[in-house]
Amino acid sequence: MARESFKSSYRGFVLTGKESYFRFRPCQHIKCRAGQSNRRGCSEMGLAIIESKESDAKYRGLIEAAPDAMVVVNKAGEIVLLNIQAEKQFGYRRDELVGKNVKNIIPEGFAERLIADAPRSVEDALAQQIGTGIELTGRRKNGSDFPIEIMLSPLESAEGILVTAAIRDISARKVVEETLARLAAIVESSNDAILIKSLDGIILSWNQGAEHLYGYSAKEAVGQSIAILAPPGDGDEIRDILREIVQGRRIEHYEIQRVRKDGQRIDVSLTISPVKDSTGRVVGASTIGRDITDQKRAEGEIKALNSALRERMAEVDAANKELEAFTYSVSHDLRAPLRHVDGFSKLLLEQHEAELSPEARGYVAIIRDSVLQMGMLIDDLLNLTRVGRTQLSMQVTGLNTLVEEVRTELARANPDRMIEWKVDELPFVDCDPALMKQVFINLLSNAVKFTRPRKPAVIEVGTVLQEGQRAVFVRDNGVGFSMKYVNKLFWVFQRLHRAEDFEGTGVGLATVQRIIRKHGGRIWAEAGLDKGATFYFTLGSGDDPQPENPTNSGGAI
Amino acid sequence: MTPKDPQILLVEDNAKDVTLTLHALSEENLGNSIQVARDGEEALDFLFCRGEFAGRSFDHPPRLVLLDLKLPKVDGLEVLSAVKGDPRTQAIPIVILTSSRQESELVECYKLGVNAYIQKPVEFDAFRKTVKQLGVFWLVANEPPPLTSFRPDRTTEP
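Residue numbers (the numbering used here), protein chains in the order written: chain A, 1 to 557; chain B, 1001 to 1158.
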């Protein structure tokens, strides 16, 4: 180090081309005379002394031309001279600094070095620091600090010993150093195993992650062949990988089995990149390894689950087919005998009425009534299961049209009823029109049925805003029901009225609910005993008005 | 057409349904010109004038076939497919009369060219009314096509 620094200061003198301006002071360590040793070089140091005014001017020129900031300080720590780079670096004008203490620009660590201890002269004190890069902090005029490295070289002048300091701003280098340190820390602390190997497979570096993953300490691994990690017989693979690397190619997410020090096999995913020297030649490979044993296991589990799921799906499919077949036989095989009972009992009444007692005729009537009831039940149940299985076929539909169709059918079926219909303007909605008609058939025929004792019956259909959503309602002034039983309303086979009073199967509202839910909506009811009933429903969550309907009275439902 | 040539072919395996259907048709005085086939094979033999019906002629097709779907041996869909797929018989009106209303079957029947599809109502009155209407419509109201136009062996009406 000392030799180096001497060389550089020596070179510096030569550069001026005018050695005669300087003479070398005798080196105090080896008792040699400068005059004899200037060319051969003193092994320790050389001190230059400014000899004349002329040389002073030359020296100033030399300093000015230096690429670094240069500050010349006297023994008292006062700044004697500085160059333009120093002005720039510290943000002062020259005249603001000359004569000021160097502590203004280098608060600590510089002025102190100029003080001689008891046994040492200033020269000695300085001699130990010549050419050594000293890292200190510089302070600009605006008060901001920045890291600097200074190189000191003393020179004797007429005014006594002066110290020349070359000052370099090392902010950028500091950032790089910190970054490198941080990167090194990251590599070291990474959970991934990061290692570098030479092209012949010798491990050169080994981080903690590698130690953790493979079980070998850095001490054990470095210098070993990477083959210690390969399961027996897998050496070829490593060779193949290295061949790729030599070509300069990077290998990503290469899944391979490795063997830990304890013999346990693990699945790892490797990313291997070539390591190049400054000339771009591939000299090794860096490997980042990640333990994917758990991931592999999870993948296996997912596969197993998937195949289990597929099996279940097949079972569900089979069950659906069975249900289909069952539905078919219910609809075909169960209806047929029913039709026969009805047909022949009817023929019995028609063709043999005279031979039957009034009591027998009554029994036959009951038989026929039961058949009717069972027929309805089968039809409704089939309908309910059909709703469950049918795919919705959506279409923008005007609800008024559906209501009008149903109303007309009901009016025709109940010619002797006095019914006052109040149907508001209803929205156009995206729905399955066939199923939506089913909804209105059920709700409106219920309204007609349960208003039988009313003269006139009043049935209203309209919309109302419910929690920001438009709901369609069907209201009647019929016999209603107690809200006590409202929870049972939409269950299959649940009836809130006796069959003698109001016929029905208890399937209709369950079907309605299923249709509404299939549309993503909900249905609910309000009623009072003998005070009529109102059924509300919404469809989906959509609240955008359908643009297709120019007379839309207010949003989708 | 000779008087013995039936005007309606009723393809129905269930004897009770046969009785009820015949009963309904007889009330419209259509009961005498009905041929009953108890399975699909018998129906095809009749319609294609073969087997025990080899003596029949394509010149005297029934004016209506009432066809059940669920039949022994050859089912209703196969019968429908054979009749509608043959130029000699494709003009014969076929009305499906079934207990089921399986949507897939309904669609399949129409794809094969069925003329009507009726689910037998459970209620006898409704059933009777439907059958009567069918008989009257196809045998009285409907105008059948000239037979020769469906005979590839005879290009024009004689």
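Since the hints were derived computationally from the structure, they do not count as laboratory data. Treat each hint with caution, since some may be false.
List of simulated lysine-lysine pairs, BS3-like, C-alpha gap at most 30 Å [claimed, not checked]:
| id | chain 1 | residue 1 | chain 2 | residue 2 |
| --- | --- | --- | --- | --- |
| 1 | A | Lys-321 | B | Lys-1111 |
| 2 | A | Lys-321 | B | Lys-1073 |
| 3 | A | Lys-437 | A | Lys-531 |
| 4 | A | Lys-449 | B | Lys-1073 |
| 5 | B | Lys-1016 | B | Lys-1084 |
| 6 | A | Lys-219 | A | Lys-141 |
| 7 | B | Lys-1016 | A | Lys-437 |
| 8 | A | Lys-437 | B | Lys-1073 |
| 9 | B | Lys-1084 | B | Lys-1070 |
| 10 | A | Lys-518 | B | Lys-1073 |
| 11 | B | Lys-1070 | A | Lys-321 |
| 12 | A | Lys-321 | A | Lys-296 |
Treat the numbers as computed from the prediction; the structure is a model and nothing was measured.
Hint by hint, here is what the structure shows:
At most 30 Å may separate the alpha-carbon atoms for a hinted pair to count; Lys-321 (chain A) and Lys-1111 (chain B) meet this at roughly 23 Å. For the proposed pair Lys-321 (chain A) and Lys-1073 (chain B), the alpha carbon gap of about 23 Å is at most 30 Å, so the pair holds. Restraint check for Lys-437 (chain A) and Lys-531 (chain A): the C-alpha separation of about 26 Å stays at or below 30 Å, so the hint holds. Proposed proximity of Lys-449 (chain A) and Lys-1073 (chain B) is contradicted: the alpha carbons are some 46 Å apart, above 30 Å.
Simply put, Lys-1016 (chain B) and Lys-1084 (chain B) have alpha-carbon atoms about 28 Å apart, close enough for the 30 Å limit, and the pair holds. A distance of roughly 51 Å separates the Cα atoms of Lys-219 (chain A) and Lys-141 (chain A); the hinted pair therefore is violated under the 30 Å criterion. A hinted pair counts as satisfied when its Cα atoms are at most 30 Å apart, and Lys-1016 (chain B) with Lys-437 (chain A) does not qualify at roughly 35 Å. Between the alpha carbons of Lys-437 (chain A) and Lys-1073 (chain B) the distance comes to roughly 40 Å, so the proposed pair goes past 30 Å and is violated.
Distance restraint check for Lys-1084 (chain B) and Lys-1070 (chain B): the Cα-Cα separation of roughly 18 Å lies within the 30 Å cut-off, and the hinted pair is therefore satisfied. Annotation: proposed proximity of Lys-518 (chain A) to Lys-1073 (chain B) is violated, straight-line Cα distance about 40 Å (limit 30 Å). A C-alpha spacing of about 18 Å is found between Lys-1070 (chain B) and Lys-321 (chain A), which places the hinted pair at or below 30 Å, so the restraint holds. For the hint pairing Lys-321 (chain A) with Lys-296 (chain A), the CA-to-CA distance comes to about 37 Å; that exceeds 30 Å, so the pair is violated.
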